[in-house]
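There are 2 protein chains.
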Amino acid sequence: MVVATQSIQELCINAIRFLSIDGVEKAKSGHPGLPMGAAPMAFVLWDQFMKFNPKNPQWFNRDRFILSAGHGSMLQYSLLHLYGYDSVTIEDIKQFRQWKSKTPGHPENFVTAGIEVTTGPLGQGIANGVGLALAEAHLAAKFNKPDATIVDHYTYVILGDGCNMEGISGEAASLAGHWGLGKLIALYDDNHISIDGSTDIAFTEDVCKRYEAYGWHVQHVENGNTDLEAIASAIEAAKAVTDKPSLIKVTTTIGYGSPNKADTAGVHGAALGADEVALTRKELGWNYDPFVVPEEVYNHFHKAIERGASLQAEWEETFATYKTKYPAEATEFENQISGKLPENWADCLPSYTPEDKALASRKHSEICLNAIAPVLPQLVGGSADLTHSNLTEIHCSGDFQKGAYENRNIHFGVREHAMGAICNGIALHNSGLIPYGATFLVFTDYMRNSIRLSALSEAKVIWVMTHDSIALGEDGPTHQPVEHVMSLRMIPDLLVFRPADGNETSGAYKVAIEADKTPSLMALTRQGLPNLAGSSIDAVAKGGYVLSCGFAPEELDLILIGTGSEVGLCVEAAEKLKAEGLKVRVVSMPCVELFDQQDEAYKESVLPKSVKKRISVEAGVTYGWERFVGDEGVCIGINTFGASAPGGVVMEKFGFTVDNVVAQAKAILG
Amino acid sequence: MVVATQSIQELCINAIRFLSIDGVEKAKSGHPGLPMGAAPMAFVLWDQFMKFNPKNPQWFNRDRFILSAGHGSMLQYSLLHLYGYDSVTIEDIKQFRQWKSKTPGHPENFVTAGIEVTTGPLGQGIANGVGLALAEAHLAAKFNKPDATIVDHYTYVILGDGCNMEGISGEAASLAGHWGLGKLIALYDDNHISIDGSTDIAFTEDVCKRYEAYGWHVQHVENGNTDLEAIASAIEAAKAVTDKPSLIKVTTTIGYGSPNKADTAGVHGAALGADEVALTRKELGWNYDPFVVPEEVYNHFHKAIERGASLQAEWEETFATYKTKYPAEATEFENQISGKLPENWADCLPSYTPEDKALASRKHSEICLNAIAPVLPQLVGGSADLTHSNLTEIHCSGDFQKGAYENRNIHFGVREHAMGAICNGIALHNSGLIPYGATFLVFTDYMRNSIRLSALSEAKVIWVMTHDSIALGEDGPTHQPVEHVMSLRMIPDLLVFRPADGNETSGAYKVAIEADKTPSLMALTRQGLPNLAGSSIDAVAKGGYVLSCGFAPEELDLILIGTGSEVGLCVEAAEKLKAEGLKVRVVSMPCVELFDQQDEAYKESVLPKSVKKRISVEAGVTYGWERFVGDEGVCIGINTFGASAPGGVVMEKFGFTVDNVVAQAKAILG
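In order, the protein sequence lines correspond to chains A and B. Under numbering that gives the first Met the number 0, the first residue of the first sequence is numbered 0, with each subsequent residue one higher. Under numbering that gives the first Met the number 0, the first residue of the second sequence is numbered 0, with each subsequent residue one higher.
Think of the hints as simulated: they come from the structure by calculation, not from any bench. Everything numeric in this text was worked out from a predicted model, so none of it was measured. No residue lacks a Cβ here, since even glycine has one placed at the ideal position from N, Cα and C. Where hints are given, some of them may not hold.
Stated by the list, open to error - Just so you have them, the derived chain B footprint on chain A, three or more residues with Cβ under 8 Å: (1) 174 to 188; (2) 489 to 500; (3) 573 to 587; (4) 647 to 660.
As the list claims (entries may be wrong) - A short list of chain B residues far from chain A (calculated; beta carbon distances all over 12 Å): (5) G122; (6) A239; (7) D274; (8) P289; (9) G412; (10) D444; (11) R451; (12) A644; (13) T656; (14) L668.
Between the sequences and the hints, there should be enough to build the whole structure, so can you do that?
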């Protein structure tokens, strides 16, 4: 069926579809099905509702858009190109999924301007959206005035069946409902097809009813393929409900327009093939060559450029008025969204001497957070229902709740994965907010993909992970991390800190806060730790340093390398060995990644190559420590699961004792 | 208030409560609140409904009980003790949370007979329960006859607010509803308190409505503290609904009976303290010393011993009849639940020569699964919506679905975490079933805690993880594992295989299937791999072996160590180097953990200490390879995130080329 004449809306929607089809076809790789089916809802949303400025993708007050079903990335690239974003030219579209292109397989915020968050792992995007909406609500509550609204935008998400099957989306939706985030509007592309085929085979729940149970406002657009008015009305209605997030289930046909592949899993994740592309062109009446967009279509889309410029100008005017009336707040606002830290902010961090009381590093973390919080109002965060175990409460603020969005303590409930993605969303709101999320270290296993995505997508989040070893004791092996510290070190671009005492905890926070785009993870003890002679706030930035020595490198018999709670053990063992005439250096290694980044000269000054006898001590798996102890070294650690018993007993039984370190030292020294 | 006279039911419930209180009090550690509040529902369930034999905790046809809220472990230990299980004596109760006790902090199936699965990490237990119920449904469909029912039990779960907040429980519940697992009955201990306080602060959704949306039968017992009849009626009603799983929300008071701490977070995770224990004794009219249980109470509980014996006897009689009528099926049943493998089963595994076609190792995995499936009918499993990417379909069977429980292909939907816990549940049904679960390797991040728990709880599961490196190409860094293989190796008691070709894939399956209690994880390629000269099925059991050499150890210039897709690269590089007169050995290391378990002589035979020039090649992070390459070695890998482009391009750009390996070799050989 050839469509004789098409409205400009139809032409625009088909332009989105065919750029997507052609991009995938040229790459011979990608997911055409979603863009073909979701093009109408995306067009209505961007054309009639979204507030954005193509020539300034980072304009603060823009509406945020997330494609949670990130495999449909060509939809987003098509939109960015057609609306006149400089980040995606027609050449970029032709380079879809090619080396160094601006149009990678899944949307990557750190590659393509106009992409807010990195999606692809399903369910992350909708949970990021909750974070973006939270950030907006918080800043609005904090900065807006009755006569001047400077923070006011929506967060729109398109998510698919896959996102809705993932548990993380349920966790995040439950929180969004609890918080009543009315400016979060999610369009659920209900195309009833996932990779394995019809959703009938594994996904027959009533999604709308489930979202109602979470406290969302829920609507259903039955014909998302052609009923543009119904889509527009639903978005309108969603905006009118201000105290609940909205889900709009939009029933569509995956691969709409493809005569032989529409409504099948075949169109989900593979190019249509030349023949079917030709048939689809015919079916949808699209008589243009690949990558050709008719002038009138560009003209329509490009109206958004002027619209965006006036929206921004209007906002700037509002802000100018605000600045006149509320100069102090305006300055705070500008400072915050610039991401600049106050000068000398780090002076607030506490320092310690060995005379200071032994405290758990989780307690030192609490002291840091509460020292920082008054100085850095952009610090917000909380725990997955372990506030008083993780010690993450900001005492100078109340709880972030519906009606109290200005507060900074976030209760995530027992929802680690959503916490992770929400923190990423807060960071990627790019308004200077520094989020932190906390749970027991072992439960990083529940949120590992979000931690990974914080590193990949340059979301500066602080992950506060307490109860960092078998020394937590009685809760037993289900709660005792063994492999976690080492396995988290494997994630690129994530700094993992395991501070030995108060100074090192302050040092870890110093690096974490001053980081530009890098997330940090704190592994903190449950048990008390002495404050060590020689420990240093500043040395933490080098990752590893000589904590105690007193000998020239060439004199050294042995180097003991410890992290966290085991540095104190190394110090005690070194004392004993020194008493027996041995020349021992203790190296504290709070951050392996930072140490690896130092130049060779510095590394040699800490771990001289000539000293071959080395022992690492860490209450975790030893695999990985060979990098630092070398061929003649020994690694003291635990390579099995832990056990339930009081912490001191567990540590002793697994060999974390001064006597064992001393014995192993004597053994390798022969 | 002193209770003058108590019914035997009340006495029994108080006995559960006070054993729990006293156990926690003596340990000065633990969670008394849940046992105190959930004792009534647990008592009604075990006393009136549960089918079990205390003197044979492994009796096949027992009802399964899971305490998904595992922190309330003292509830389960009290039940096991009171009902006469030999595994938990009163002395064991007194040793709660002590070194080597039978009563660790959280329930551990591998420590305490009568515990079905290991819980503590929230939400895992209810998802394990779905696996147990699936196993029952499958075996029932497979073995039961119209005139002889030999598989027929319920799976009961007690879960809490924390479990219901976790996404994994939602994923699992959605599947249970989809499958219509009518013999799964979950009691939701609705005590509206979690660690941070009232659930009002983070959990205000309508849980019942949500489960209805999943297709569950839902009831509410409003007074779970004292209305035993209502609890019993609800369980009765739940049993009557045979085509839907049931949720019974039982509203209770956490710490019921404690005058000052009931209904507060204070009673959740800490001992009550001597004074409050005394007050609670008074309040509940319990005039017995710690750990003292009146004779009449024991007598009542111990009726279960005789009851259990007759239940088992009755079942054995049924089975005897079955055996007479259906001898072949009876033999198959006995063989299967014994866990014994048919002799020579491994003969079905394919072997290859270099002349055989290059195939992806995921394809070899598919061939293995389909070679094994007819020989081992106990093999069941599937993928999280990536069946035709992971290549995990068993072709000789259909899909496990409502009404087709006899089938072996399970569609988990996009629910990796629930898949993990469900597979664990299937394995821990202890009926010989060997489950497998599949997704992309990068998405082990979504299910890492379940993988860890498979190792900890000795659940023999095969994790089939495909698309195992940046070589997957266009999908880009969100989908490209980099740190995963190495970080999974860190998990104790998990075997991680990265086979190089067809033979090694067969070898990996051989070890995985023959393992007694150890889970295995397969890291498999998307891309084709040549079948290598010298590769071996049997050598895989040693973890690493000499694939090609031709030189005596003392002659060797260099050892190249590769895994998976990079072994072929090593072979090619070795050829080039040999052509230049260098003496090079290629070691394939499909399983680092198994290699580490070999004796020193074997390890020396593969990696002679005298050969210091070594290069590891693996398309993943290099951290960890120092163990094998030593001080003078070099690690070739990728220590950043990957990038979106065709797989061959990505591999080349990141240095996985013969030329680079050759260049690095020359560099270290000086």
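request  = Provide an ascending list of the numbers of those earlier hints which the structure does not satisfy.
outcome  = 3, 5, 9, 10, 11 and 12
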